[in-house]
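Keeping their order, the protein sequence lines are chains V and Y.
Quick note: the first sequence, position 328, residue 308 per my numbering, numbers continuous.
Quick note: the second sequence, position 163, residue 143 per my numbering, numbers continuous.
Keep in mind that the hints were calculated from the coordinates and are not lab data.
Given the structure is predicted, the values throughout are model-derived calculations rather than measurements.
Watch out, some of these pointers could steer you wrong.
The list cannot tell twin chains apart, which means a pair is met if one copy fits it or any two copies do.
Unchecked claim - Lysine-lysine pairs mimicking BS3-like chemistry, simulated, CA-CA at most 30 angstroms apart: (1) K315 x K25; (2) K149 x K166; (3) K166 x K143; (4) K166 x K92; (5) K166 x K300; (6) K311 x K25; (7) K143 x K311; (8) K315 x K191; (9) K166 x K191; (10) K300 x K143; (11) K92 x K191.
2 protein chains.
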Amino acid sequence: MLQMPPAAPGMREDEIDTPALVIDLDAFESNLDTMAALLAPTGVKLRAHAKTHKSPIIARMQMARGAVGNCVQKVTEAEILAWGGIPDILVSNEIVGAAKLARLCALSRIAKVALCADDAGQVAAIEAAAADAGIRMNVLVEIDVGAARCGVQPGPDAVALAKRIAGSKHLIFGGLQAYQGSAQHKRTPVERRTLIGNAIDASRRTVEQLKQQGLECAIVGGAGTGTFQIESHSGVYTEMQAGSYVFMDADYARNLDEAGHFVSTFRHALFVLSTVMSQAQTGVAALDAGHKAVAVDSGMPTVWQRPDLRYTGASDEHGKLEFGSETMVPKVGEKLRLVPGHCDPTVDKFDWYVGVRNGRVECLWPVAARGGLS
Amino acid sequence: MLQMPPAAPGMREDEIDTPALVIDLDAFESNLDTMAALLAPTGVKLRAHAKTHKSPIIARMQMARGAVGNCVQKVTEAEILAWGGIPDILVSNEIVGAAKLARLCALSRIAKVALCADDAGQVAAIEAAAADAGIRMNVLVEIDVGAARCGVQPGPDAVALAKRIAGSKHLIFGGLQAYQGSAQHKRTPVERRTLIGNAIDASRRTVEQLKQQGLECAIVGGAGTGTFQIESHSGVYTEMQAGSYVFMDADYARNLDEAGHFVSTFRHALFVLSTVMSQAQTGVAALDAGHKAVAVDSGMPTVWQRPDLRYTGASDEHGKLEFGSETMVPKVGEKLRLVPGHCDPTVDKFDWYVGVRNGRVECLWPVAARGGLS
Chain V
-19 MLQMPPAAPG MREDEIDTPA LVIDLDAFES NLDTMAALLA PTGVKLRAHA KTHKSPIIAR
41 MQMARGAVGN CVQKVTEAEI LAWGGIPDIL VSNEIVGAAK LARLCALSRI AKVALCADDA
101 GQVAAIEAAA ADAGIRMNVL VEIDVGAARC GVQPGPDAVA LAKRIAGSKH LIFGGLQAYQ
161 GSAQHKRTPV ERRTLIGNAI DASRRTVEQL KQQGLECAIV GGAGTGTFQI ESHSGVYTEM
221 QAGSYVFMDA DYARNLDEAG HFVSTFRHAL FVLSTVMSQA QTGVAALDAG HKAVAVDSGM
281 PTVWQRPDLR YTGASDEHGK LEFGSETMVP KVGEKLRLVP GHCDPTVDKF DWYVGVRNGR
341 VECLWPVAAR GGLS
Chain Y
-19 MLQMPPAAPG MREDEIDTPA LVIDLDAFES NLDTMAALLA PTGVKLRAHA KTHKSPIIAR
41 MQMARGAVGN CVQKVTEAEI LAWGGIPDIL VSNEIVGAAK LARLCALSRI AKVALCADDA
101 GQVAAIEAAA ADAGIRMNVL VEIDVGAARC GVQPGPDAVA LAKRIAGSKH LIFGGLQAYQ
161 GSAQHKRTPV ERRTLIGNAI DASRRTVEQL KQQGLECAIV GGAGTGTFQI ESHSGVYTEM
221 QAGSYVFMDA DYARNLDEAG HFVSTFRHAL FVLSTVMSQA QTGVAALDAG HKAVAVDSGM
281 PTVWQRPDLR YTGASDEHGK LEFGSETMVP KVGEKLRLVP GHCDPTVDKF DWYVGVRNGR
341 VECLWPVAAR GGLS
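Kindly produce the complete structure, drawing on both the sequences and the hints.
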């Protein structure tokens, strides 16, 4: 069942029912503008990752600032975006199973759609689905540029798979997917530059070998919020797939810049608003947001503008706050903003965004692809 | 948006679209029967925790085997159960905020409802809501029996709060909430007995002090799947709040019994069915179920009946499988059952249960209170 919205436009922030997923609209729009400004001089395009926000509304705001479209991880996410008017969608992932491939082929009637492959058997399955639907499907070859998860090896293996795709009358070779996920949260710029340097080298080498076979890469896609400033200046990558930059999270904010300071390119724009529900013991309070409301896979949330309060543990429906004796003790009923450790899976727990500006609720947006796992 | 069901009755299990939340109906019914059989001789009642399953269908199956009703953590869960016909619901938690209390008071017109308090200010707020609604609300005093999260101290503090409740013409003192959550996953029986022994002592002492003040506890509630066999023989607790027993998860299955073996009272009945989506590297495969599909707060899932495959890491939409050279290599398209590390938050990620028996889909049940955070 869809949950009831926790607020109505015009309310004060402290009237929002909790737990609620709150967007600081000023910070959010600033993040959209910052990304557009950073990419404009590079000539590289943004294909923002919609796995973060799962919202055609936000996708359209990204396109209004120059994004070529979006990428997604799941067929359901592609459907929700296409139904919401996004004209160009890359599934930056392998899609397995005849039912899912048929859905994607059908979707290509109303939007430009592409997906990735790293396996000859899967290319044959996509080919069969495209033939059956009477369309030509765009397929990118995913190469493993260091994350050791999906992707064929760069170089000859990638070239062989690209030739297989390009040789099919039901398929179009669309380029390379070259995402280095394990570099995004490396804390120091040196670590990130090293890993992404390797990814760039592998991608460049593969692009050149493809060119020698007469195969052009319309897209060389990858990069995330942690590293896009490296890939975007590589001369090889053509599309940046950053997603988290729209919201930022506590874990990304632990990355360091060249001067050893926390990276501050983007602002925290996403919060889980939470209420103190119990304060029966010295130095401890319980919040109404546990790990069903705020993702803890990348560490605990932090309490916004309250460094004296530490969110030290999450159970299903409780967050445990600890604090010292010098602190203003949180009162039962008091509302606190949490900065999620990881924004993407936190968003996926809610049906509604509550957009806030100047302390007032301005808008309610559905998390339209919430739970879109297939 | 509600997601489309991933299956239809009559399908074979390997035709289910993935990721999907699958119940092994035989194992599940066996768990329901086992709990009923274990509690019958004790005279203690089951008030199963619906935070695990979020389903009035499953709640009614528990009541058909003798449960007095259910408990929940959130007002939304209480509403979904009451709307689905459950007549007796305890919110085993503090509920803060006038809007939520008004909802709960309204709900008490169609079901017997109770909630917990650990704060005099909150008792006053509940009293005001009940007066406003023209009803009398049942309130239990939550005592801290060792988890150090919510709850007043056992003994005089609890008695004072109980007297405050019993003295209100808008409230009814309903008893004690005495859940020791931190004991549930202690691995050895000695650790569990020690912690629950303390909880029983604290509860007994408080019940006796209340009786001296003329206050009877209609309910002394607590216990979970890890410890209910201790509380149910205590002579103090009257209602068992176990929830996970219906499904079991990988973490509960790491608890040991008196003989040092893994506890096997209940069977694994809940799985995330997942598909191998990539197998491009030696010793590694990627599954289509990452931590948006299977909760990792209590550790990674295990692969059902495949001890040779290790689920070693979850990203948002990918699960990383690792395996040695002696293994039957998982093929792209192959479907594998995952045993979630933690069942409650895993259930909350899905809109549908797929019930399977003898390899066929038998039923689709909505996870009716999915996302019910408020």
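A quick look at each hint next to the structure:
Proximity of K315 and K25 under a CA criterion of 30 angstroms is satisfied in neither setting, with 40 angstroms inside one chain copy and 37 angstroms between copies. With identical chains, the CA atoms of K149 and K166 are never at most 30 angstroms apart, being 42 angstroms at best within one copy and 60 angstroms at best between copies. With identical chains, the CA atoms of K166 and K143 are never at most 30 angstroms apart, being 35 angstroms at best within one copy and 56 angstroms at best between copies. Taking CA atoms no more than 30 angstroms apart as the test, K166 paired with K92 passes in neither setting, with 34 angstroms inside one copy and 53 angstroms between copies.
For the homomeric pair K166 and K300, the shortest alpha-carbon distances inside one copy (28 angstroms) and between copies (19 angstroms) are both at most 30 angstroms. When the C-alpha separation of K311 and K25 is checked against a cutoff of 30 angstroms, the pair qualifies neither within a copy, at 48 angstroms, nor between copies, at 36 angstroms. For the identical chains of this complex, K143 and K311 are inter-copy neighbours only, at 23 angstroms across copies versus 65 angstroms inside a copy, given an alpha-carbon limit of 30 angstroms. In this assembly of identical chains, K315 and K191 lie within 30 angstroms of each other by CA distance neither inside one copy nor across copies; the values are 58 angstroms within and 37 angstroms between.
In this homomeric assembly, K166 and K191 never come within 30 angstroms of each other (Cα to Cα): the closest approach is 33 angstroms inside a single copy and 60 angstroms across copies. Proximity of K300 to K143 under the C-alpha cut-off of 30 angstroms is restricted to the inter-copy arrangement: shortest distance 28 angstroms between copies versus 55 angstroms within a copy. Taking identical chains as interchangeable, the C-alpha atoms of K92 and K191 lie at most 30 angstroms apart only when both belong to the same chain, with a minimum of 24 angstroms there against 72 angstroms between chains.
The earlier numbered hints that this structure contradicts are 1, 2, 3, 4, 6, 8, 9.
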